[in-house]
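Engineer: Based on the hints, put chain B in the right spot on chain A.
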Amino acid sequence: MIFNLFNRKIFTLLKVQYSNMLEYRVEIALWAISGIIPFFMLNIWTNNNLNESINISDVMLSRYFLCAFFVRQFSVVWVVFSFEEDSLMGKVSPYLIQPLNPFFRYFAQHLAEQITRFPFALIIAFFFFIFNPESIWIPNLGILLLSIVSTFLSFLIQFLIQSIVACLCFWTEKASSIERMLFIPTLFLSGLLAPVVSFPEYVKSWIYLTPFPYLIDFPANLLSGNETNISRGLSMQIIWIFLLFPLFKKIWIEGTKKYTAMGS
Amino acid sequence: MVQNIIDVRNLSKSFDISSKEPGLKGTIKHFFKRQTKSLKVIKDISFEIKEGEIVGFLGANGAGKTTILKMLCGLIYPSEGSILVSGYLPFRRKENFLKNITLIMGQKQQLIWDLPPIESFYLNASIYDLDKFEAKKRIKKLSEMLEIDEELFIPVRKLSLGQRMKSELLAALMHEPNILFLDEPTLGLDINAQRNLRKFLQKYNNETNATICLTSHYMKDITSLCKRVICVHEGAISYDGKLDLLLKKLSPVKEILIVCRSEEDAIKLENSGFTVKNKIKNEITLKIENNSITSSLKTILNNFDIEDLFINEPPIDEVIGKVLIKKDYDI
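As they're listed, the protein sequences go chains A and B. Numbered continuously in numbering that gives the first Met the number 0, the first sequence closes out at residue 263. Numbered continuously in numbering that gives the first Met the number 0, the second sequence closes out at residue 330.
Among the clues, some could well be false.
In the DSSO-like style, the derived pairs of lysine-lysine whose C-alpha atoms are separated by at most 27 Å in a straight line are [to be verified]:
#	chain 1	residue 1	chain 2	residue 2
1	B	LYS280	B	LYS267
2	B	LYS135	A	LYS14
3	B	LYS157	A	LYS14
4	B	LYS36	A	LYS256
5	B	LYS135	B	LYS219
6	A	LYS249	A	LYS173
Here chain B is said to cover these stretches of chain A; the calculated rule only asks that three of the stretch's residues, wherever they fall, bring their Cβ under 8 Å from a Cβ of chain B [as the list claims (entries may be wrong)]:
#	stretch
7	157–167
8	180–191
Don't read these hints as lab results, they were simulated from the structure. Even for Gly, the Cβ is constructed at its ideal location relative to N, Cα and C.
With the rest of the complex left out, here is chain B:
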């Protein structure tokens, strides 16, 4: 049986936020009497993640996804509740725990800006107690997987965003962590770079059985990597389960465009009891529920003279967009 590697119970996090009214009056007031309030950004959440799982955290901006990742990796201290990651309390930041994890933030970098990435790699190797031979071996292996070579010897400031991101990944994975926290790792990358990164992460997961917690606003990252998603809405979990179940729930109907041999056939089909979205000459679009697709298509093909048909999936971004604004999904 696969073990839980992350166990979160009744976790909450509050931040003290100070607010200021606009203008000079507000500035003076803010100077003498600062208004601060405690804002609960994570509200009593619980979940477990199994070893080797890739889990996507979905939510609108400010929903609390990144705060959850920061607590899981020990960067910030929880206000209430408990977190166990690989048997450790993350915020204690014990050396063995830190050697087991990595955090990659799309907007933040750990590479030394004015030096080639290779210098940062060797520095990381010594920080993680890797000897030079082992470090060389891992750099070679990871650079092959990431398809970077000459870039390793060019100062970071002269690299493109994609090359930099690959180098960041290499630096973050040199110590072969078995838990990866990825906060929008494909942010700002072009389509090819995004695809390569996804391919790499999948390969890394397959080869090392690493657990990956991922947040991304690019739905392709989520759909191609994560079987399970945790949706966060205003600091609370609105859905935790399989991605395909969520998609089925959110879009229970498929649209099917049918091209009939003649307009008469299209009229016959229009009056046959199916839900029609629209009809233009011999082309008719039907809305059919997911669970009756097979039987409905059988009926149509047996009883009508059909030239062609297309099944249209609703755009994934549109479907997931619904999750971001809804509080609860009971599936």
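Here chain A stands alone, though its shape is the one from the complex:
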């Protein structure tokens, strides 16, 4: 029963946030288009034959970057910016005295945006295949389902990391500047600019201990059919979620004690 009630809250939140997101469909289309970094990177890699050094064919590399684009579309998180603005403007106050953690609102907002982005992402993929017909492939159902799960887990990891940083608003007010510090490792180590396999062996062993390669590299490799250790990837994603969640909870409880309800 508790599960049903909880589901109803999340479902209603999702429904409302989806209606809200549809008000901004043009902006969302533009956001989807702005996420085409992987295609630029694909161009750089193939034009310079960089893939030869890591033994990945042109076709597999183009599939990897297309999948990186997809994973990024469905795992991108901006909760730190939303929460910072709401916190500074005092908009968090009414939500704090409701029997639902305000982060569920942001969570639903992100999921609703992902649903809104989906058709735009498909259109971009359609054009990608027109220009790269040799890259067309149909992943098997099992792999597709595992990829969806791992993309969602990637989203959860990023959401938790950013939520922890967002909670620093209770102490510093400008938590987004701390998020900027995480942006560089996320960009380079997540697989957005280059597959992690391209890093030197000793660097790779360290990278795989961080959460970054499980944000894009692992789900993108999984979906594109590149060689990857599925059980290690999924286990690491789950371990990171289990490590980050209690940390978020702790920092949330301590942070709300510091809340001053500014701007209201």
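Structural biologist: The following block gives chain B in isolation, referenced to the frame of chain A:
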């Protein structure tokens, strides 16, 4: 016997405030060595509020009224002292406590800006575990009380301030809280909207016996809703008691304008021992103490030829204004 629903003991709240000198030099200094000091905004206050009471919090800007409300509803953490609201420690924000209260801030909104209010209402219904049927029933009842109908289906951004405020109220009351914290709920509303809102709050209080804690700079809100007021001056309570007692204390004298039949009568009255404020031809204004009004008027009507008389109450804003600048009222 009516139970205390709010119990506050020796409550204090301090904020760390950083200050910066003006100009480039001040900015650089602020960057390298930030000056922060602890500012005690609420100082050791205690009070109780009974179930069903409507209590007005009065005070100048920055006196600490809103901070008190924020602590009472659990939004901010107290630095010292204890608060019990409906048997709960508010800052723990337990689900059952949150389902019992609501906070309405005149300047802040919880409605989703780009969607019609009805969407936010259904969202609130699910957050407060109301089923769809019950939610519909409550929306209907509250929208009738608030006299809003078509506005429920228009995006919030297109509503007028008054319509928005009514919708905010509906969203905040859907879960039928029995304690309402209202921070300047009539801010920015026109006179009619203010009156309607006051009428609504009174009706809500009568029908549900809800406890209401209210801050407002519009004296009409206070005088028409609150029998009891708590005056806050620089973070401390300067008066806690009945509003009419405070008014009597603050304005012990009434002005009475008497129109005599002739100027001779006015001169006779002027010399009869009453305190005269002014006299113009046959019109004379007397200052009479509240406790001797009846006997004084009897004497005047029996001994002088009076054409008309008017009793002038001093403007309430002027009277309450005195509270805002005075530290202590011992009544």
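Engineer: Take the hints in turn and mark each one as holding or not.
Structural biologist: Hints and how they fare:
With a CA separation close to 12 Å, the supplied pair LYS280(B) and LYS267(B) stays within the 27 Å bound. Of the supplied pair hints, the one linking LYS135(B) and LYS14(A) holds, its CA atoms being roughly 18 Å apart against a limit of 27 Å. At roughly 22 Å between alpha-carbon atoms, LYS157(B) and LYS14(A) fall within 27 Å of each other, so this suggested pair holds. Only pairs whose Cα atoms come within 27 Å are accepted, and LYS36(B) paired with LYS256(A) is accepted, the gap being roughly 19 Å.
For the proposed pair LYS135(B) and LYS219(B), the alpha carbon gap of about 33 Å is over 27 Å, so the pair is violated. In summary, the hint linking LYS249(A) to LYS173(A) is supported, as the alpha carbons are separated by about 20 Å, within the 27 Å threshold. Counting residues of the stretch 157–167 of chain A whose C-beta sits closer than 8 Å to any C-beta of chain B gives 0, which falls short of three, so the coverage hint is violated. By the rule of at least three residues with a Cβ nearer than 8 Å to a Cβ of chain B, the coverage given for the stretch 180–191 of chain A is violated, with 0 such residues.
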